[in-house]
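Spelled out from the first residue to the last, the chains are:
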Amino acid sequence: MGLSQPDFVPGRAPGAADEVLPPFCIQCGTCSVFCPMIEYMDYSPRVLNAMLMAGRYDDVLRSRAIWACTGCYACTVECPKQLPVTESIYALKRASMRASAYPRRFVTPVLARQFVRMINKQGRSSEAWISLALYLRTRPLQLLRYAPVALRLMRRGRLPLRHESVREPAQLRRVLAALDVTTVEDA
Amino acid sequence: MSYAYYPGCSAKGTGRAYEESLRAVFGALGTGLDELGDWNCCGASGYPAVDAVKATALSARNLALAEGARPGPVDLIAPCAGCYRALLKSERTLADGGPVAARVGQALGAAGLQYEGRARARHPLDVLVNDIGLDRIAAEAVRPLRGLRVACYYGCLLVRPYATFDDRRAPTSMERLLEAVGAQPVDWPLRTRCCGGSCYCGGPLIGALPEATLRLSHRLLKDAKRRGADVIATVCPLCQFNLEAFQGQMARKFGEPVDLTVGFFTQLVGTALGLGDRALGVHRMLHWRLPEPAGVKGGAHVQA
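Protein chains in written order, with the numbering used here: chain A, -16 to 170; chain B, 21 to 324.
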């Protein structure tokens, strides 16, 4: 999917007609006030909404702000217009991944993909293996800094290396495969 | 009396003490937990960032399995706040009867599963306070946590966005529960502020914004300490891990050491019910020190 969106309509994510974005933001800034991650964002949640309404969709998808969102729903709960701000940011994350627009060297999208692959294959996640895979793929040297904590956890049985699977991975795969047929994503 | 039980992945790893103390507490109150036979991951915050419909289907399968295991209405206990939110979201999406509900329903059908809407997610805090009841729990508290000052940490996803059993801005269930077993909750406005957990995955040294995660957690710890807390009680394995495991890194990074015990609310309730450290998974904690009068087995704990 390209980033230029001549058919951009405020409130609709191009290429995913059913992805709903907040179309009627009143720019009060309540979301920004309650966002715990705002100091780590290039654009505040309020500004993200302003950009969306102004059609600056490309910049939004390239922002690091959407990836800084922890999904804590503070903005959603406080929004006086009751806009689904957090769900919209999830939708923007998906659009950013589809467009490969996310900032390079940003590990969250890598993590999300790795995580999805693990779940699709085994049905359960392993904290040990997802961490290890992520370190190796992104910042192998940081493994050394994490190792002492990992060892303390292991000694207490909190970081098992055995990766548990669902008993019927085929059944889970059938459920997920049945959802592969259409490409339209709904939030 | 027993509930269907969805442990979630962390309950088998970093959050093992949560599962152990939960089982011990429910057992002591005569309530069983039947683990769902073939549960799968809830999708956490990673899966919905890639595919929202499949993320809905992941929890839908768990709900369907719970219905398959029991007749009538099924209360499915999910101790991890992240799993709990994922299950609730799935429940709501499927109940609204929209296009996603139809597609997920078909996908379940393709695998011989069905969700009728009989199963619903419950958090153990809700069950303890509203099903089992504070009077009953207070009556069983043979070793009340007298004088123990607890900062009750709800984190983000227990009461947001759905707030099924408490207020989404100013929850009180945990304070009421711990007060019922003798503890003294501290006034702590940050108790629903995010710990940064979901962006740490893999450890805050590597998460999306390593510094941010440490900073968010550090602020919580510092403020809880300033308000006189002896311990932080958590309802989520990610929050617990995040607040407990990296206090050393925080001290080095921000030059302001924090040194605070962070446990699961079930460990504190269990202690009051007279259950032993081992049963409550205390030996799995990286750091566990409760003050003298409330301390388990009547003594201060050596740092593990």
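What the hints contain is simulated information worked out from the structure, not anything from laboratory work.
From the three backbone atoms N, C-alpha and C, an ideal C-beta is built for every residue, glycine too.
There's no promise every hint is true.
[To be verified] Facing chain B, a subset of chain A residues (Cβ under 7 Å, in silico):
1) C11
2) P63
3) K64
4) V99
5) I102
6) K104
7) V149
8) E151
Okay, the hints, checked on the actual structure:
1. C11: violated (17 Å)
2. P63: violated (13 Å)
3. K64: violated (15 Å)
4. V99: holds (5 Å)
5. I102: holds (5 Å)
6. K104: violated (11 Å)
7. V149: At 5 Å from the nearest chain B Cβ, V149(A) passes the 7 Å test, so the hint holds.
8. E151: Interface hint status for E151(A): holds (6 Å vs cutoff 7 Å).
Checked against the numbered hints given earlier, the structure breaks hints 1, 2, 3, 6 and satisfies all the rest.
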